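**Student:** So the chains spell out like this:
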Amino acid sequence: MKDLLRYLKNYKLCSVLAPLFKLMEAAFELIIPLVVAAIVDKITAVQDGVAAAGDGTTFVVYMCLLLVGLGIIGLVSAVSAQYFAAKAAVGFSKELRSDLFGKMQTLSYYEIDGLGTSAMITRMTSDVNQIQTGVNLVLRLFMRSPFIVFGAMVMAFVLSVTAGWVFAVTIAVLFVVVFGIMLVTIPMYRKTQGYLDRVTAATRETLVGSRVVRAFCKEEEEISEYDRRNQRLTASQKAVGRISALMNPLTYAIINAGIIVLIYVGALKVDGGSLSQGQVVALYNYMSQILIELIKLANLIITVTKCFASADRVNEILKMNPSLVHGECAKLTDGAPFITFDGVSMKYNKGGMEALSDISFTVEKGQTVGIIGGTGSGKTTLVNLIPHFYDASEGQVLIDGQNVNSLGDEELRNMCGIVPQRAVLFKGTIRDNLKWGNENASDEEIMTAVNYACAADVINSKPDGLDEMVEQGGKNFSGGQRQRLTIARALVRKPEILILDDSASALDYATDARLRNNLRLLDYNPTVFIVSQRTSSIHHADKILVLDGGRLVGCGKHAELLKNCEVYREIYESQYGKEGA
Amino acid sequence: MKTGSQMRIIKRVLKQLKRYIPAVSLSIFLALLTVVGNLLAPIFFGNAIDCIVDVGNVDFDKIFFYFIVCGAIIIATSLAQWIMNVINNHVVYSVVKDVREEAFNRLQHLPLKYIDGHSYGDIVSRCVADVDQFADGLLMGFTQLFTGVLTIVGTLALMFFYNWIIALAVFVITPLSLFVAKFIATRTYSMFKKTSALRGEQTAFIEEMIGNLKVVQAFGREDENQVKFDKINEELSRASLSSTFYSSLTNPCTRFVNAVVYAAVALSGALTLIYPSVLPVSFGIGKLTTLLSYSNQYTKPFNEISGVLTELQNAIACAGRIYELIDEPCEIPDSEDAKVLEDVSGDVTFRDVEFSYEPEKPLIKHLNITAKAGKRIAIVGPTGCGKTTLINLLMRFYDPVSGQIAVDGNDIQNVTRHSLRKNYGMVLQDTWLKSGTIRDNIVIGKPDATDEEVIAAAKAAYSHNFIMQLEDGYDTVIGEDGGSLSLGQKQLLCITRIMLCLPPMLILDEATSSIDTRTEMKIQSAFSKLMEGRTSFIVAHRLSTIKEADLILVMNNGNIIEQGTHDQLMAAGGFYNRLYNSQFAG
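First to last, the sequence lines map onto chains A and B.
Using the working numbering, count along the first sequence one by one with no gaps and you end on 609.
Using the working numbering, count along the second sequence one by one with no gaps and you end on 1053.
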């Protein structure tokens, strides 16, 4: 949490003023019992005949006006405090959120894989909100509640030392009870949350698997298993409920026991002449004030605990350093092949399995490279090394003879047009989406790319053409339409290196074939990498890389590989049948 | 929400509470005790203070008497409050448990149309978050609403009893507090709505951009996104500042009104004490203290009640959403005289079947299929042509609008769903595994299978090897949806399930789509063996896997446009021919 306090820097004044005004409000609240005491004592004086009735009336009226006046001052200070606290808390979370978003964008693929995107989204949303609530509440209450509790005690000491001790003991006992109950229940609440998560998981699971559950006639088993989990949740909820149910009755009893002792002490003092009746009334009032504040304080502490946990999680991300390695730029080597993989191995985590081992090959400018292999053979990993999304753990990836880690990431990625496996479109118009490839592209350039990507019919089928709105996640487009649009997006950039990562999987064979033909006609002659499971998508390539379990088991043209690469032949035969070969 | 439907929901909740009437009445009785105790204690404290007048003028005997009374009241009140809390907890959590069970039970019997038509997130949030919110509201309503109202009524009554002038003063000022709270609430409502709309917009943006961060980085869009984000962020923080600030005004404002009430009580009380002759009201200083403490006690429930009312409103809305789910009509139950399918040989016929998901968009019309026992039927066609729909109809996940589907001559409408489904072995493209051990997942169709049978099935489906490589072999616990298993491995497990229970008919919907083609080849031979003598329906992208089918149905737009064997269809030179040849184009 300490590290996050710097986001309050621009709101220093607000974060000082808020608690200050809150203190002021509390201070004026503490005066009220004294005013009441004065009124009571004046009344006694009138009743005893020491003061005149008229005199007493004037005094009482003034005092009551003073009470209203104190109320007004209290209102003004409270409103100011709320304003400054809200301003500081909102500003704080604004800057934190902006920084966190910026930080997340700089993380490399390693960190994204490690954190998982859903965790990152939770950090940005619910964790930051939790922190904002915490900051707001702390600014408002952290000073006020202890001030009232201890202020009441100090006032009691001023009125009578013995009474003060009664306060001290009562407060101590209250503290022990309130925090004792919290200490016991917080872990129980956490456990209950765990049971609730399991109930949630069961619900989700049965929904996702509804077809299979019904196909195997497992409805009753699902219900009885759910009931078991639900029962455990309920039992846990009731157990924690029984303990926290003690909070109110116990604090009530303690405060009232304190009042009994207080009145007794007061009676002795009044009898001895060291205290007036009005002052006993004041002491009684102070005691009542404590209870309310103490409960508020307990709530505050729960909120702050949650806030700290969120702050830790957010801070973990803010402290992350992108782990990509960047090297020195070496001199251009003339005559080097365009792209070289030189003994490249790659591990996703240190000490983990190698996703790629000892891969070496070269590619000339303008060539088309096909990459094929089973699931988990390392195809995507290989192409992700070219734009330096990951570091090679051994060996080098070179472009024009230079290690990719020495080329600026931005510059390098600008060279590449990438079509990822999952066809993602963003909210906005089709044009907005396609301009991701090149912000300055004209409509004409965009349409050229669209035509090459066989996506013209997608755009023509929409009433607004390029201005058609894409919903979040591209929900209003079919899988095949999305795929073609993401290909167009990469082509708008006119990339030197085009990477298609299994990006024709949702296209039918005819469109796939048309697309491959078009790519060969591109006038800027990019170097193309095509990752695919289908031999038909890559068999025309200048070079086919066959991967199996992270190793390069074949490299060459279709005909050569059929002859001398067993893995390739098996893949081919599995798709076409033996007679096709 | 309309008041009428709100009333209906409240009635429903009350009905749910019926079982707990004794507990609830006890709780209400205890609440009454608590309130009475809360009101009595200050009276006796006041009496005690009245006994402390001056030096040497303190009646200790009376004070002690009051102390004993107070002590008894306090103990009784605390006990009553505690027992009340425990009862309320018990009732609320029991009701919630019932509701959850009812909802889950309903999920198992809802037509798939409902489940397919609603997002899982929405249904889960009804079953979990809404139920939780409902519980919170109910608990708060129980513990605070009733005691709050009782406290207000009781305090006011006692005030009138003691000193009607003071009571009148309080009574007149009270509406002010309510008015202020209401004024602020209505003014801030629109601000809150705006804030939450902006927050929703920001969350959507975050989900989009952080969820697809890899694409963002690949296209170098970080700076543009930051600018867009900061713009929404700025708007949000402005809206958030006003809604946070204005809503936080309620407390200071009502506190101020309280202060005025307090001053009014002090003033009117003091004046009646100074001029006892003007008004014939018997009154002492102790009584004034009692009244002052009442005036504090009296205004507090107002603030609480307004909070509770919003919470209750929310709870009712949540209850409404849950009941909506619970009240969804179930699948039409099996008829009384439904037949139990036994010893199925596997003749499946579709006669003039018509079906659509939405009445206005007809999908399948006049569909006729005859699948002879033991034959392999392959279904091909572009995405959205109705392949999956056919499976939905076969398994009776959906019922046709008209026409008839029969197995061995029995209309499946007149057959129990369980016996129909038990005769099919189904492997879908979307694999589904439940959290549990590998073994649990395999034996789902045959719970009494021996270890030997399980291993034999796993070997046949080529899953034995990778299972043995897992930490605990067949006893390895996998998390929700298969956890760390790869898609291909999950598919192998789903196939193992079928290999174990060997039903007489098979449905394979892209069953091997995520398995690499070499492993697939090996499984294919196992499949061929499995399919011998079993009527099988096969959906596949890869045309090579369906070439050997006895009958190929080529579907487009919900209709069968061609049917025949591979050779016949190739010779016909139609849609299938084009589809098949495009594989080799390039």
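Since the hints were made in silico from the structure, they are not lab data.
Just so you know, not all the hints are guaranteed correct.
As the list claims (entries may be wrong) - In silico lysine-lysine, DSBU-like type, Cα no more than 30 Å apart, as pairs:
{"id": "1", "chain 1": "B", "residue 1": "Lys695", "chain 2": "A", "residue 2": "Lys522"}
{"id": "2", "chain 1": "A", "residue 1": "Lys503", "chain 2": "B", "residue 2": "Lys698"}
{"id": "3", "chain 1": "A", "residue 1": "Lys266", "chain 2": "B", "residue 2": "Lys767"}
What the hints assert, rightly or not - Which bits of chain A does chain B cover? Going by a derived footprint, with three or more residues having C-beta under 8 Å, they are:
{"id": "4", "stretch": "191–197"}
{"id": "5", "stretch": "364–376"}
{"id": "6", "stretch": "487–494"}
{"id": "7", "stretch": "527–538"}
Please read these numbers as outputs of a predicted model, since none were measured by experiment.
Backbone N, C-alpha and C define an ideal beta-carbon position, used for all residues, glycine too.
**Student:** Determine for every hint whether it applies to the structure shown.
**Tutor:** Here is how each hint holds up against the structure:
1. Distance hint between lysine 695/B and lysine 522/A is fulfilled; the C-alpha atoms sit about 26 Å from each other, no more than 30 Å.
2. Between lysine 503/A and lysine 698/B the CA atoms are separated by roughly 25 Å; this keeps the pair inside 30 Å, and the hint holds.
3. Taking the CA atoms of lysine 266/A and lysine 767/B, the gap is about 28 Å. The hint holds against a cut of 30 Å.
4. With 0 residues having a Cβ less than 8 Å from any Cβ of chain B, the stretch 191–197 of chain A misses the three-residue criterion, and the hint is violated.
5. For the stretch 364–376 of chain A, the assignment as covered by chain B is violated, since 0 residues bring a beta-carbon within under 8 Å of that chain's beta-carbons and 3 are needed.
6. Closer than 8 Å: that is the beta-carbon criterion, and the stretch 487–494 of chain A has 0 residues meeting it against chain B, so the requirement of 3 is violated.
7. Counting residues of the stretch 527–538 of chain A whose CB falls under 8 Å from any CB of chain B gives 4; the rule of at least 3 is met.
When held up to the earlier numbered hints, the structure conflicts with 4, 5, 6 and fits the remainder.
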